[in-house]
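Generate the whole structure from the sequences, applying the supplied hints.
Chain order of the listed sequences is Z and Y. Residue numbers 1 to 228, in this note's numbering, belong to the letters of the first sequence in order. Residue numbers 1001 to 1416, in this note's numbering, belong to the letters of the second sequence in order.
Calculated directly from the structure, the hints in this document are not laboratory data. You can take every hint at face value.
Derived contacts from chain Z toward chain Y, CB cut-off under 7 Å, selection only:
#	residue
1	Tyr-54
2	Asp-60
3	Gly-79
4	Glu-80
5	Ser-83
6	Arg-86
7	Asn-87
8	Phe-92
9	Phe-94
10	Tyr-98
11	Leu-100
12	Glu-102
13	Phe-103
14	Pro-112
15	Leu-114
16	Lys-115
Remember, it's a predicted structure, so these values are computed and weren't measured experimentally. In this text, a Cβ means the ideal position worked out from N, Cα and C, and glycines have one as well.
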Amino acid sequence: MNATSNILEVTKVNKSFHDPVTVTVLKDVSMAVKRGEFVSVTGKSGCGKSTLLYILSTMDTDYEGQVIIDGEPTFGLSGERLSQIRNEKIGFVFQFHYLLNEFSVLKNVMLPGLKLGRSTESEVEARAMELLRELQMEDHALKMANQLSGGQKQRVAIARSMINDPMIIMGDEPTGNLDKKNSQIVFDIFQKIASEHKRCLLVVTHDNDFAARTDRTIVMDDGRIVEG
Amino acid sequence: MRLLLSISLTLLRAKLRQSIVAAVGVMFSITMFVTLLGFMNGLNDLLDGLILNRTPHIRLHNELKASPTQPIDRTTDSTTHNFVRNVKPKDELPRLRNAQAIMDALKKDPRVLAVSPRLVAQVFFNVGTVDLNAQVNGIDVTQEVLYYRFADYLTEGDPHDLATSANTIVLGKGLADMMEASIGESVQVTTASGERAMLRVSGIFQSGIADADKVQCYANIKTVQKLLGRPSSYFTDINVKLHDLLEAPVMAQELSRRFDVDALDIQTANAQFETGSDVRNIISYAVGVVLLIVAGFGIYNILNMMIYEKLDAIAILKATGFSGSDVRRIFLLLSMIIGIAGGVSGLIGGFALQNIIDNIPFVTAALPTVKTFPIDYSPKYYIIAVTFALLTTWVAGWFPARKASQVDPVEIIRGK
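This is the structure we're talking about:
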């Protein structure tokens, strides 16, 4: 396996919760995700798949082992640097949409781009509009986030996750709260991102239909990877 | 930073009512702080002025007293003690010796602002068969108008009349009432040595101290010299006004030694007035600072509440690449915006309230020149108020902001 083609590399990650009694949730987890790969992670409730995702996202830093994102080992980096990595290299799509209700749809998409500060505000705006158009959301660009339906919010969240053209997009049950039709739309978008934009996707889901249609499915059980 | 500011403003707009309530809290405290201090200091200045305006910083005079060295002391040595009882004062004129030379020397001193001579004499006013006891102060009218606000205390009449016409007198209000004398009328004066003269009333004087107004009257120093039959070098007092009031005690001692006269400084003569001002100042600052701290708690509460309501937003911001310190800055900015908005409107409110108080009529017999409540518009209080407002809002914002920066996004996102 060529090291440079791996966007994400995980070696021997262990994690335990200590409250109220010590419970080990991840045991020696190792895996790698290549550029352009669409990977799903499934498993029973409590198997540690979400925990793994949040460690990979750099938001959870309380673990042992090493996570390498785009060639940069992230264990022990400062919070400031980890924020930069999240901003620049990782996009997120959550189960409950997590848009900022105080902002317009367009501004929601633009915020991570403005934070990165690599291009001017008008450039970021143009890019955000382009993404919304691609997701057929451009008519709603100036609405407030709380005026959208669930499926629409999720599409906006996907647009936001792509604003900085990240290496990897992570999803935590992105279709968990959507009906069949909207789930299908979201899946199609993800697939397009993987095939056309050559980004890698790592999606945690308990929806077996969804998982079955991805490039690769990682199955977890009791804190270990048992398949994939 | 512009991005963070725009996020703060958006969050603020989403919670507009609460933010306005917090800003109004700051506004009220700043308004009250500025008004209170302006009003308090206006009053302080007024009350201090009662004494400071009228009182020379140093008064040089000759105290009538027994000679400290009695003749017998000169004939015995230091090994013996002499007891002399009932010593009488020396028969000596109360005038300052060499007054003109002293005045010339003082005028050359760089610490001295103004030197003005006085001649104080005891007289009687003959009203019908009654003799009223009074003290007539011979003054250099131009100097007194310039440096001791003589004109402010004249309720009737023109100080120029007193300065230019001979044989004129300004009577204290109480004294004039007793004699039923008004401007233009003549009053008969008898000096302690029996000299008589007719003086024309050219003004009525009201110092604010009723007892003093019953016995004090003022005349041109030349008129008094003539009345007493003394030469034009005859002065009993020299009043000195300094550039810096605080130098008075040291300088009084120096002058006393140098010119061999008695010198009384203003601090010794009026020890009570500074204490009063200080206590009033402390009280008004204490009340003002307490108001600001209360406003600070208001901001603290509102920000804390806002952070609990915005935990989702904080988690999202962090997940999409905003760091803990970005989040802290957002909430600190929020607090500072409330502080600045409240502070600035508080200053405007304070100025308006000061103006209103400044126009409320305040008429008292003790203060003839004061028609409305006094206000000190000094920018000092505005600066202190704004500094304190920014400081309290910063502190009040810092703790909730730090809490927001420490929010763990994983906990929020997974806990949903």
